[in-house]
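**Q** Between the sequences and the hints, there should be enough to build the whole structure, so can you do that?
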Amino acid sequence: MKRKVLSGLLFLLMFNCFAQLKREVIINPMIDSSYTEFSEIFGFWQSYLNELNAQNFKNNFLMNSMPENLKDYWDQSEIENYLFPDLYYSFKRSYGNVFYPWEREYFIGIVKRNTNIFELKTVFVSPEEGVFKGFPSFLITVPIIISGDTYKLVNKFTLYKCKLESKVFSNITYYYSPHYEFNDSLANLLTKRIEDFKKNFQIEKQEPITYLVADNITEISTWFGIDYFQFDYLGGLSMIEGRALKTNNMILCGGCGNNYLHEIIHILLKDYERGKYMLFEEGVASFFGEHLNYNYNYHVVRLKEYLQKNKWINLSKSLSGYYRNFANEIMYEVTSNSSDFNYLTYSDAQMKTNFAYIIHSVLCDIALRQGGYAKVKELFLHKADNEQEFYHAIEKELGIKQADLDSYIQSFINENY
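Letter by letter, the sequence shown follows residues 1 to 417 of this note's numbering.
It should be emphasised that the hints constitute simulated quantities derived from the structure, not laboratory data.
A quick note: this is a predicted structure, and the numbers were derived from the prediction, not measured.
Glycine residues also receive a C-beta, built at the ideal position from the N, C-alpha and C atoms.
Misleading hints may appear alongside valid ones.
Claimed, not checked - Derived pair list, reagent style BS3-like, types lysine-lysine, alpha-carbon separation capped at 25 Å:
#1 K167 <-> K192
#2 K304 <-> K375
#3 K199 <-> K71
#4 K205 <-> K276
#5 K396 <-> K71
#6 K396 <-> K317
#7 K133 <-> K22
Said to hold, decoys possible - Beta-carbon label-pair distances, calculated as ranges:
#8 P29 <-> I330: 41 to 51 Å
#9 L62 <-> P29: 31 to 41 Å
#10 V25 <-> E329: 38 to 48 Å
**A** See below:
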């Protein structure tokens, strides 16, 4: 949950200076930048990043599909293998808004691996004033190949996956390292769980899914050529982590095992037209799947205890979090001077439960009891773009007014769990 807070804070810190689209690049002073191959490859890479930055800005820092002019930089095999060829961007996209194409770049260097493959290494750093100023956000290794009389980008994962083991179950291709203890029975169980969810939600589309599994997300990121990213190495936060790369139908499971339905649900639901409010989707994924390797029943009991210990929480005013001003007063509404407030999500110090997710799972539970899967789907498909609009959706679909929602949810939990 802290990841959401950090991501939101980063957005607030950086947003005001995005009008300055020009990128800043600092080249490693040890590099002899006069030799031909460096200038050609460096120029190719900078041209790509400039285009990526412009398109990223145009699409509000979150592209869902790759523009044709960006595809021109990628080898044809990458375009054929991935819906969104840039796995670096796709990886970062799974954490929310993507800022690195705009950030200050410290270009570390280029090395020739064989007659046809070069690798460049580079790091991105936030230049914005605030807590992130000067701190790296992304360190990546990017293969570049010679293609005819030009250069093309390829993904590190494309070159690395030959070193991994793979298995296919139904429409899922798993990749894992030779030392990973893969469990076939869990893979078969996941296949059945997926079919059950699709049947109940009336989902007919069957797309191939790539499922990467390891003991931690750090290991998986290295398969992509990502040596460091901003939300890794944060202590206990990195123990169990799942990611859905919706642009490429890829699942990343670090410590989640090979039976993690939560992220699969995100892939299954990605093509539905709906509003921008995403927390109910997290609730659906946590209710029918799992959250941090535990099922809904485990988390709803913890939510019950959390609400009993924090009587000040009012779910009729916010389903996700609250603000504290400098007087340490609890506030629920964003003011015009929101930078004066510290946004805090409903979560605990142990990071065992993202309570905002489970609050929305409870709403999923209520909907299921009221009208089955059809009612859950109706609530999911609402065009709510923000929390206030979602309150209206709850009243329309579940018949619970916003003013009554806090007492209704707490009574529901207390009576059933």
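**Q** It remains to establish, for every hint, whether it holds in the given structure.
**A** Structure-based check of all given hints:
no.: 1; hint: K167 <-> K192; result: holds (17 Å)
no.: 2; hint: K304 <-> K375; result: holds (24 Å)
no.: 3; hint: K199 <-> K71; result: violated (36 Å)
no.: 4; hint: K205 <-> K276; result: holds (22 Å)
no.: 5; hint: K396 <-> K71; result: violated (44 Å)
no.: 6; hint: K396 <-> K317; result: holds (18 Å)
no.: 7; hint: K133 <-> K22; result: holds (18 Å)
no.: 8; hint: P29 <-> I330: 41 to 51 Å; result: holds (50 Å)
no.: 9; hint: L62 <-> P29: 31 to 41 Å; result: holds (35 Å)
no.: 10; hint: V25 <-> E329: 38 to 48 Å; result: holds (44 Å)
This entry does not satisfy hints 3, 5, going by the numbered hints stated previously.
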